[in-house]
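J.: Sequence:
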Amino acid sequence: MQSASDRHEYPAHWEADVVLRDGGTARIRPITVDDAERLVSFYEQVSDESKYYRFFAPYPRLSAKDVHRFTHHDFVDRVGLAATIGGEFIATVRYDRIGADGMPASAPADEAEVAFLVQDAHQGRGVASALLEHIGAVARERGIRRFAAEVLPANTKMIKVFTDAGYTQKRSFEDGVVRLEFGLEPTDRSLAVQYAREQRAEARSVQRLLVPGSVAVIGAGRTPAGVGRGILDNIREGGFRGPLYAVNQAFPEDLKDLAGVPAHRSVRDIDGHVDVAVVAVPAEQVPEVVTECGEHGVQGLVVVSAGYAESGPEGRERQRELVRHARAYGMRIIGPNAFGVINTSADVRLNASLAPEMPRPGRIGLFAQSGAIGIALLSRLHRRGGGVTGVTGVSTFVSCGNRADVSGNDVLQYWYDDPDTDVALMYLESIGNPRKFTRLARRTAAAKPLVVVQGARHGGAAPQGHAVRATRLPHATVSALLRQAGVIRVDTITELVDAGLLLARQPLPAGPRVAILGNSESLGLLTYDACLSEGLRPLPPLDLTTGASARDFRAALSRALADDSCDSVVVTAIPALGEPSVGEAVLAEALRSAAEEVPGKPVLVVHVELGGLAEALSAAASTAPQATPATTGAAPDALVVEEAGPDARPGADAVPPSEGGSPAPTPAAPGGATARDLTGPGPVGTGAPGAEEAGEEDPARASRLIPAYPAAERAVRALAEAVKYAQWRREAAEPGRVPEYDDIDERGAAALIDGLLARGQGLTLGSEETCDLLGKYGIQVRRALPAPTPDAAAEAARAVGYPVALKATAPHLRHRADLGGVRLDLADEEQLRRAYTELVELFGTPAELRPVVQAMAPRGVDTVVRAVIDPAAGAVLSFALAGAASQLLGDMAHRLIPVTDREAASLVRSIRTAPLLFGWRGSTPVDTPALEGLLLRVSRLVDDHPEVVAVTLEPVVVAPHGLTVLGATVRLAPPPARDDLGPRTLPAY
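Heads up, the sequence shown is in this note's numbering, so the first residue is 297 and it goes up one at a time.
FYI, nobody ran anything at the bench for these hints, they're computed from the structure. Some clues are possibly wrong.
Claimed, not checked - Taking lysine-lysine pairs in the DSS-like style, the calculated list, with each CA pair at most 30 Å apart, reads:
| hint | residue 1 | residue 2 |
| --- | --- | --- |
| 1 | LYS466 | LYS552 |
| 2 | LYS744 | LYS1020 |
| 3 | LYS453 | LYS552 |
| 4 | LYS456 | LYS466 |
| 5 | LYS347 | LYS466 |
| 6 | LYS453 | LYS466 |
| 7 | LYS897 | LYS744 |
| 8 | LYS347 | LYS453 |
Kindly generate the complete structure, drawing on both the sequences and the hints.
T.: So, in structure tokens, the structure goes:
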């Protein structure tokens, strides 16, 4: 669409959707010659004051010359970008390259003047800040390193846009104009500003969907059957606090309400504002609905309609068009094919989902990509929340279906500073942007626990409907990287709930030491063994015997919690045989009162067929007496508590005395929910309604809740995850630093890389080039000289000095000393020639073997260092010991680049074979500080130069003093046009 005089084709990769400060979206794209009318219309809607600020003089209208200038760009020296909503301009930005004299120029001039204009109705939405990020990325791509801007002093909003961006700036004042100059290279501050703006914008966009002031359900039918009508009823019966509307084009014109809800044939007919529309119409009708919602000013859509990417190629294209269509109006989408959203806050009470009843209010946030898993999670949390840990319930729930727009990353941004969410639980079937997810997870986990279970781990492909980046990393590696970001990775839904309930209601353990006490020696030993299996440090179990009373449990727990030699306590309990009934409420109150005395340590209970104990542990601390069933046909889990002596055992009903000697009040149990079936499915909303279901849980009471588990292994596994997470939190508080090295020549390396890439799009460097590039970063590679003949081998040995090593470098023999392709410690020419002859006789001609001669390195431990740029996960640094054993066992550790000094130290120590580096079985410890320094230098190389897409150092021989790099390969490729250090964007569709 550009004229022949323009020097570059339209740069489609500059197009991007962005989330603005208020949570709405806009599209940023290059301005072309076809935008003349849009530009004129946009300018007419700008106030005279804004025009004056832009041109420093009254400028009521654009001349034809102005329109031509502002719409004709060469996309190199002159570039214009526009932010659009509904296809119309709301803001523009442009740069013009200038020389040292301030006049228009071409490359190699690396400075440009930049200017903005934002429509008054959209000022304050963060449009200019987003445009600055994008025009800055474009300028860097075109070789521009600095921007200059002239602003009137009264234009404080625009001055703030520049000064708040975080770039290194110079500011001057001349002739009544403020001149700002700033470099475009990202700085720590500019990235921090960018990430903070991203978090606020994306969190706000999710908040608009989860905390709407009004909701319309489009597709609600007049009969009770049907998805749309079901969701309408769920919203109404859940007690939504705002206006609710039913919309269906099939409604008769005289229909004014549906089940007490105002009814309309179209969203356009609604007089009031609509914040969120739940779309439950056939897929072919959705485009019309999206248009109506966009024109009416709806802020977001929850699309439960199916028939999109999950149905095949045609549906995938329909899904892409849905996202493009909605974003054109500034709307975000949950779905399509979504189960819905829930917010239990007393101020919202939104159940815009297929769940028939509102879950209990609580402090746990739930995200599920699968509707079926979402149902199971809600059901299990309700069952466990009501029967095991009191009213531990849900704050918000999002099931995003095909995840076409709003994803787990967006919900993480919302939960990060959501005061109603203490723990985040996520079921993920795919991670669209692992690099961003890892960054967000690290920040979220530093504030609150994040527990993740990933489905489809071994399927080899993403589920239907999920658009994800391809990754070359195995699932185990991705999981390890997530754990390093603070994510609590579990394998099953049961483990997800187990860990979530513990983290939601108990303090984090200070260490791995576990005290075990209970009335069953066997169950105590099982718990002890489970602790050892999970890497915990259990103390010998304390057997209270089956005759232990509630008072005995309370005293033992009090002593354990006060003991400085333990960090957490697991209480095991079995019912006493031969007793008339189970007095679980008594034991529950005893344990809870003991835990309150020393609140800083987590307490867990392992119970065997003691459903009532689980209920009692979670019962509200009430002075009301426990109700006694009116008939003998009471449910088996109902509690019947009567007063009894103070020495009653857990198998008998007894109320321990309070401080004053009178019987302590018995807590009331929440009604109905069984705690024995902790894993089976159950209807959402089971259990008798109570005060805890009608409003927010009491934080003071919630802090006393003790989680109970039906098996020792489950309790200990949850505790082990809490211990590891607590350790990560302590280490994350002091993350280390990326050290600076005086001998690194970053500019020299960049020049060398540019020269090498000029030869081709991607290449593996030769030996000399590899050594030169690595040498720029202080990484010295011991050179290997080719030896195509015995005489050449002898000459090479004389050059490097004896003793030498003779190696075959053919691909099938490289780094395979176990196959005999390496001869070491050759002390003279005679030994060298004999070894050469043996290699040729065993493996083939010298042309097939590709032999090299290398000086011997000091003895030590052979290791491998690798770095790779993965399309999904980003730059990853890996470390292992060399050899077949490590490869066979998969004993390789990984860290995300850039690596800090603390991470380098932990990387070295995290492999299972690490003891070989530290003097295992009397061997001499090797120089691990030198190894850590090498890891940091490789990390810096890859982080500084995205063109370095792969580095392998193998073997690296780590000796007691120093190390030697004996082999190295480096691969280069042109960097991507945009990377994760670039401007904020939504996933492209």
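J.: Between LYS347 and LYS453, does the CA-CA distance stay at or below 30 Å?
T.: Holds, at about 14 Å.
J.: Can the restraint linking LYS466 and LYS552 be considered satisfied, given a maximum Cα separation of 30 Å?
T.: With Cα atoms ~63 Å apart, LYS466 and LYS552 exceed 30 Å; violated.
J.: Against the 30 Å threshold, does the CA-CA distance of LYS453 and LYS466 hold or violate the hint?
T.: holds, 18 Å
J.: Given the hinted pair LYS347 and LYS466, is their alpha-carbon gap at most 30 Å?
T.: holds, 25 Å
J.: Take the C-alpha atoms of LYS453 and LYS552, compute the straight-line distance between them, and say whether it is at most 30 Å.
T.: Violated: LYS453 and LYS552 sit about 47 Å apart, past 30 Å.
J.: Need the status of pair LYS456, LYS466: alpha-carbon distance at most 30 Å?
T.: holds, 14 Å
J.: Is the straight-line distance between the alpha-carbon of LYS744 and that of LYS1020 30 Å or less?
T.: At roughly 14 Å apart (the allowed maximum being 30 Å), LYS1020 and LYS744 satisfy the hint.
J.: Does LYS744 sit within 30 Å of LYS897, going by the straight-line distance between their CA atoms?
T.: holds, 17 Å
Going through the hint list in order, the structure does not satisfy hints 1 and 3.
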